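Assemble the complex: chain A is given as a structure, and chain B must be docked to it using the hints.
Number of protein chains: 2
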Amino acid sequence: MQDRGLQQAFHPRSIAIVGVSRTEGQSPPGYTGLRFLRHLRDANFEGRIYPINPKADVVAGLKAYPSLASVPEHVDYVIVTVPAQAVPGVLQDCVAAGALDVLVCTAGFGETGEEEGTRLDGVIREIALKGGLRLVGPNSLGYHVPSARMVMYMETSSTPGPVAFVSQSGGICQMYTMQGPSQGIFFSKVISYGNALVMDSPDFLEYLATDPETDIICMYIEGVRDGGKFRQMVAQLTPEKPVVIWKAGLTPWGSRAAATHTGSITGDREVWDSFFRQTGAIRVKSVSEMADVTMTLQRLRPLRRARVALWGGGGGNIVTAGDTCAEEGLEVPPLSEETTRKLMEFMPLVNQIVVNPIDGISAFIDTSLLRRGIETLAADPNIDVIIMYLPAGMATRWPAEQVARIMEVISELSHQAPSGKQIVAAVRDEGKFGAAESFAHSLREADITTYDSLTRASRALARFAGYHRFVGQLPGGSGR
Amino acid sequence: MQDRGLQQAFHPRSIAIVGVSRTEGQSPPGYTGLRFLRHLRDANFEGRIYPINPKADVVAGLKAYPSLASVPEHVDYVIVTVPAQAVPGVLQDCVAAGALDVLVCTAGFGETGEEEGTRLDGVIREIALKGGLRLVGPNSLGYHVPSARMVMYMETSSTPGPVAFVSQSGGICQMYTMQGPSQGIFFSKVISYGNALVMDSPDFLEYLATDPETDIICMYIEGVRDGGKFRQMVAQLTPEKPVVIWKAGLTPWGSRAAATHTGSITGDREVWDSFFRQTGAIRVKSVSEMADVTMTLQRLRPLRRARVALWGGGGGNIVTAGDTCAEEGLEVPPLSEETTRKLMEFMPLVNQIVVNPIDGISAFIDTSLLRRGIETLAADPNIDVIIMYLPAGMATRWPAEQVARIMEVISELSHQAPSGKQIVAAVRDEGKFGAAESFAHSLREADITTYDSLTRASRALARFAGYHRFVGQLPGGSGR
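Which chain is which? The protein sequence lines are A and B, in order.
Every letter in the first sequence is one number past the one before it in numbering that gives the first Met the number 0, and letter 351, counting from 1, is 350.
Every letter in the second sequence is one number past the one before it in numbering that gives the first Met the number 0, and letter 301, counting from 1, is 300.
Okay, chain A solo, but in the shape it has when bound (with noise of 0.2 Å):
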């Protein structure tokens, strides 16, 4: 049988699980073999699953095999889910049969920080070493692939998308695969590694780089053991790739809790400062973050600046979002002479003046001066990108069709891109439950390119501006 590399792990034919009772436990919590094993089967998994079970015929109504020999097929991918003090042995049983890519779910090793955890991890490296096994984890929940159907998550969308995701935190995993297709992020693979003790992130990085399924990389990183080796990997991705990275344990609790999570040393501030200077890597601080980086990526088209104009409304409001844009590195540059002139012609200004961020409430009032007033703000030579700040009561105080219009002319715009400059939208939240929230769902169910926030905007803007500087200087870059 020919090994078709991690290729036969991200989609195989066969799944085997071993450790899968009939009934769940009561205690303690987590993944157990059934749970992958109904997860899969809810999914529709493509390929065939094998319940290895020597003292049950029939698990959740497929049939069990004894043991990973007597299964009459070769396994592409194990899933182990016995208890630590037996995960050597069943890896002698894989590179017996010959199934290579084999996930350790199992917690209990280096990561308790106790003798017997890291004599485990010497025992079960060795084992995977020797038998050229590809072992994922252990302390983790390993590979979840649309595409296959091969599904790990609840509450998860199966369909397939351009986005990889790397992280050794499970429940990152499930958070990020959760919150994605709501700013419609899809996924290639979702790797859950957790202690990394054989495959690391660069392996998975090395096969990511060819997968014609993943176009953007997003990471959840607490360590690293071969830094060089991620380094350059990341380096050499970036001007193709964008890699978005969530470093955590850069301070001393997270650090703390990090070596009883993965069992990982997280490093110094400092090194990891310059490994973001030097790679490219898009630098993120939460699910949120790298969800708005990735939306950015999908959805606009190349920026080396992102100078703003921002169109929003109430005196306030408008200095708040000039301070919050600035707090995120954004520029919001003067317009120009003839672009404030013009507005001024047309616009009913409460203040009588214009300027950026610009208090153009009545723009929304009558929308033949929204699209006039995106189409000045486009024309001007200092502007880049146009943010539509839109109050959440919006949705729930002005008549629909007034709603509606107005959000019929931002999404054109934002097609037609005046003057090849690109449209965005940001939420502002009044405080009114749901509606912020609600409001953001309806404007990219309009196919707007919207935030939930303006900072949350405005951190996304600056980060991919900075990434496509950052590719556009290489030698011969052109980014994306």
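Just so you know, these hints were derived from the structure itself, not from any lab.
Please read all numbers here as calculations on a predicted model, not as lab measurements.
Pulled a few chain B residues facing chain A out of the computed Cβ check, cut under 8 Å:
(1) Thr261
(2) Glu429
(3) Gly430
30 Å max Cα-Cα, derived BS3-like pairs, lysine-lysine:
(4) Lys431(A) to Lys240(B)
(5) Lys240(A) to Lys228(A)
(6) Lys431(A) to Lys431(B)
(7) Lys240(A) to Lys431(B)
In silico negatives: residues of chain B with every beta carbon more than 10 Å from chain A:
(8) Gly60
(9) Gly88
(10) Glu337
The beta carbon of each residue, even a glycine, is placed where N, CA and C say it ideally should be.
Positioned in the frame of chain A, the structure of chain B alone reads:
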């Protein structure tokens, strides 16, 4: 007639609205006399309302008067919404009628940056000073007093409470009054004072210092004319009534917008940094942060340190939670040996080890463990406050009775305060539409001090402890 000072403006027996049309005009948008009138009537304002309109006999069902002079009683508060050019004439009528408390809502004065606006500023300032008018504005919405059913904002509660809000932006008053109640924040006085041409923030602070309705003062400021007086007033107030300030316009773009919004000179960042250090005012940067700090001041007993034990679940969540606390300046100390030993006696742990933050999801499955866990942490001498870090998915994916039991234990223990320690909750948003907001709501309904995210919790607790530390170090100071 005895002049009751500002008291008569906040609790007027009669209000005249000068410049009230029979119907709403088309544009520009913004406040009209008729809108003020309708808000007052809808809220069942307890005094008399006199519409002033020489061309109408009746406005919105109320008898109209041709001029202030024709009103049959003393007018305690005059709302002026006539065009800027007509404002000086109306102010002279106010002086003549002895109506000293006047709101000029109209915009179009110094904030336009034009010669005519500046000239009008001079004219109305002179009339006000000579005539002894306590003029608020121009370009503002004046006073909102729930206890007098004197309501200026839409979709706000008219339940009175101990929080005053003094703001140069009417829009931000609208946001805070709308958002506050969901976090248990209700208002004594909300003061929108716009350009501060005559009455400025120190004048309002002077009143609030002795206002028995007010315990906590929040402010949104763009500029202050008399910085020395302001500093002195805040420093004097701070030990008795905490002052929470959002100072806007300290960035280039915010500052430029502030000049056109309220004509304010926003000042220098270093000057304001030193103002905050010296007065003990609590600095915030959004309505949400203001609400979080205010909620904390209302609900928690004084804390000079906020050494936190954080109880959550999921390895990655615990690592990133540690990072969040560290970045927001909260201490997450190691647990004492005794605490660690006790927890390990009864907690089924994922990774067989206990560090702070605590990966203790199993305690949410068996609430007797939760109770013992919280009590054990509370007994730790290194811990001041316990944060229960709860995933939003609990409320959507877990059995309702189980979630009810968890909330019951947390609510009960937070009221008991075992070992004198305080317990709060922070919701972890997993990205499922609406889930986090709605779970936070349920937790507050269960009378648990709840923050919408761990970032918000950390930020508010760090500022809260900083305030009490400041006050505690004042000569003779003891904190609230």
